[in-house]
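Chemist: Go ahead and model the full structure; you've got the sequences and the hints to work with.
Take a look at the letters that make up each chain.
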Amino acid sequence: MSQQRRKVFISGNEATAEGGIAGGCRHFFGYPITPQNKIPEYMAEELPKIGGVYLQAESEVAAINMVYGAASAGARVMTTSSSPGIALMQEGLSYCLGSELPCVLVNMVRGGPGLGNIGPAQSDYWLATRGCGHGDGRCITLTPYSVQELHDFTAGAFEIADRYRNPVMVLADAILASMMEPCELIPRRDLPAPDRPWAVGPHDPDQRERNIVNSLWVEFDVMEAVSQRLEERYRQAAEEITDWDEFGSDEPQVMICAYGISARICESAVMQANDELGIRTRLIRPKTVFPFPTEPIRSWAERVDAALVVELSMGQFVEDVRLAVEGRCPVDLLGRAGGNVPTVGDVVEKIREAALRAGVARV
Amino acid sequence: MREELFMAGLGGQGVNLAGQLIARAGMDIGLNVSWFPIYSPEVRGGYSTCTIVLTDGRVGSPTSEHPTSMILMDPTAVENFAAPLVRGGLMVVNSSLVPERPEGDFRVLMVPANDIAAEIGNERTVNMALIGAWAAGTGLMDVEDVAGSLRAMLPERHHRHMPDNENALKRGAEIGETARL
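Taken in sequence, the protein lines are chains H and X.
Each residue of the first sequence is one higher than the one before, counting from 1 in this note's numbering.
Each residue of the second sequence is one higher than the one before, counting from 1001 in this note's numbering.
For the record, the hints were derived by calculation from the structure and aren't laboratory data.
We put the CB at the ideal spot given by N, CA and C, even for glycine.
Be a bit skeptical, because a hint or two may be false.
[Said to hold, decoys possible] Part of the chain H face toward chain X, derived, beta carbon under 10 Å:
#  : residue
1  : Leu115
2  : Gly119
3  : Val147
4  : Ile175
5  : Leu176
6  : Ser178
7  : Met180
8  : Glu181
9  : Phe247
10 : Ile261
11 : Ser268
12 : Arg298
13 : Val341
14 : Thr343
15 : Val344
16 : Gly345
[Claimed, not checked] Just so you have them, the derived chain H footprint on chain X, three or more residues with Cβ under 8 Å:
#  : stretch
17 : 1019-1030
18 : 1061-1069
[To be verified] Derived CB-CB ranges, DEER-like:
#  : chain 1 : residue 1 : chain 2 : residue 2 : range
19 : H       : Arg357    : X       : Glu1079   : 36 to 42 Å
20 : X       : His1159   : H       : Leu323    : 54 to 60 Å
21 : H       : Trp126    : X       : Glu1065   : 26 to 32 Å
22 : H       : Arg357    : X       : Met1162   : 57 to 63 Å
Modeler: Put into C-alpha cells, the structure is as follows:
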C-alpha cells in the first residue's frame, strides 16, 4: 500500500535533495557552490542516516568522475552544482554519455559567463541541451517550474536515466533553488537495486564474463554504433517522455513560450493579458527541453498571430522555439540576463507590442 | 484574493524567518503561497528582503512589481523600497527605528516593534510584533493561527520562547486592528 504524501513548506534546494532520496539516490558527490549549497548540506545530513554515501569532492571535476565510478558499479547516483561548476564537469559528463551511464545532475543556474554572479539565470540552456561535453551525446533535460516539480522531477529523473542509460539533467535556477513553497513529499522507500546487468563489480566468473565500462572505442564502426544507439534512445525518449503544460486562452492570438521560473512570471502575465488587455494569450511551458515539445509549439504556431519567448538569457531557448515554429508566425524575444528578471508588467507590455504588430490589438 | 507582501530589513532582524512564517501560516489556512528571498551574503549586518505571495488562485510569479503590503523594519527599507507599494496598500513600519511617519497614498501602521520586544524582555520578538500588526491590519489571518504555525515550524527546544512570541504577536495585532477601523 502506498503511503500518503506529506505536505511541507520547503525550499527548492531541500525539495530537490529529498526528491533525489525519494528517487532512490543513495550516493551523492558534489562540491559547494551558491545557490545550491543547501542540497549537499541536506544530503550530508540525510544520506548517512539511510545507509547512503555523501562525499564532498575536492572539485567538480572529481565529483563527476566519482559519479562515473558509482554509476559504473550500479549505484543510483547524483551530483548537483551551479553554472561554473557544471561547466567544469563537462569532460566527465561526456565520458558518462559515452559509457552509457545513468546518473542525475541538477544545475541551479546562476548569472554568467565566467564566475558571473549568484542571481537567477537560464543562460545554461545550450550547455544543458547542446553541451554535455564533446561528442554526439546529449543530456535528457527536465525543466521544473515550482518547488513541487523540483521534487517530483528529480525523483523521476533516476528512472528516466535508467530507462535510457543516459545522464539526466534537472535544469533550474537561483530563484527556484532558494524560494520556499508547499510541497507534497514522495515517501521514502527502499527501492530494489536498479537492473544493470552491465555494471562492474564482484561476480562469479563461471556465471558471466567480466563487465567493462568504457568510452574508448578505437574502431570507427564500433564508435559509430555507440552514437547510433544513443541517437535511437533519444528518438525513443522523444516519443515517450516529451512533456509540457499549457495555460490560458483556448483560442489564442498570442502564444508565449517559457520554461522554469520565466514560465511562472508568464503565468501571471497571461492572466493579465487575457483579463485586462483582452489579448487572448496562451502559455506553452516545456517540462522537458531535450526532448523538446516541438509538436505542440508547431501546432499552436499555425493558429496564433504572434509568439513571444521569455527567458533569462540573451536568446538560447528561443532558437528551439524558432526551429519548432519554422516561420509559421513571428517570434519575439524578451531576454534578461545577469541575474535580472523581467517583471510581469514587462511581459504584458511585450505581449501588447507583439499583438499590435500582428494587428490583433488596438493601442 | 491575492496578497503580495514585501519585507525588508537588516540581517539579524528576522526578516526572512518572519516572511517564512507568514507564508507557512498562509499554507496552513489553505492558501497557495510562495516565499522568495534576496539577501546579501553577510551572516549578519547585511541587507535582507523577501516577497511573499498569498492567494486563493494560482501563485504564478513569486516576485512582485507592486506589492499590496509591506513590512519595513529599518530606515533604509523605507528609503529604498517603499515606492512600489500599490495605492491604498498597507505599510507596516518599525517605528522604533523609523520615527517619522511615511506619507503617501497608502495606509501606515507605526509599530514600535523594538520597544514592544524590550518590554516583553525578548529582543528577538521584534519581527513577531510586526507580523501581528500586518496580520490584523490586512485581516488575512488571526494571530492565533500564526502562533500555531510558528509552533509547528520551531524545533521543540525553542518552544519555551512561544509565550514571548505570542505576546509580541498580540501586541502587534492590537495596533493592527486600528488600521481596519
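Chemist: Against each hint, give a clear statement of whether it holds in the structure.
Modeler: Consistency of the hints with the structure:
1. Leu115: Since the shortest Cβ distance to chain X is 14 Å, the answer is violated.
2. Gly119: holds (9 Å)
3. Val147: Holds: closest Cβ of chain X sits about 8 Å from Val147 of chain H, inside 10 Å.
4. Ile175: Holds: closest Cβ of chain X sits about 6 Å from Ile175 of chain H, inside 10 Å.
5. Leu176: Check passed: Cβ of Leu176 of chain H comes within 9 Å of chain X, closer than 10 Å.
6. Ser178: holds (6 Å)
7. Met180: Result: holds, 4 Å to nearest chain X Cβ.
8. Glu181: holds (5 Å)
9. Phe247: holds (8 Å)
10. Ile261: holds (8 Å)
11. Ser268: holds (3 Å)
12. Arg298: violated (26 Å)
13. Val341: Nearest chain X Cβ about 6 Å off; hint holds.
14. Thr343: Holds, about 4 Å.
15. Val344: Hint on Val344 of chain H: holds, closest Cβ of chain X at ~5 Å, below 10 Å.
16. Gly345: holds (5 Å)
17. 1019-1030: holds (count 4)
18. 1061-1069: Coverage by chain H holds here, the residue count being 4 at a Cβ distance below 8 Å.
19. H:Arg357 <-> X:Glu1079: 36 to 42 Å: Roughly 40 Å apart at Cβ, these two residues keep to the hinted range, so it holds.
20. X:His1159 <-> H:Leu323: 54 to 60 Å: holds (57 Å)
21. H:Trp126 <-> X:Glu1065: 26 to 32 Å: 29 Å Cβ-Cβ, so the 26 to 32 Å window holds.
22. H:Arg357 <-> X:Met1162: 57 to 63 Å: This hint holds: roughly 59 Å between Cβ atoms.
In summary, the numbered hints that this structure violates are 1, 12.
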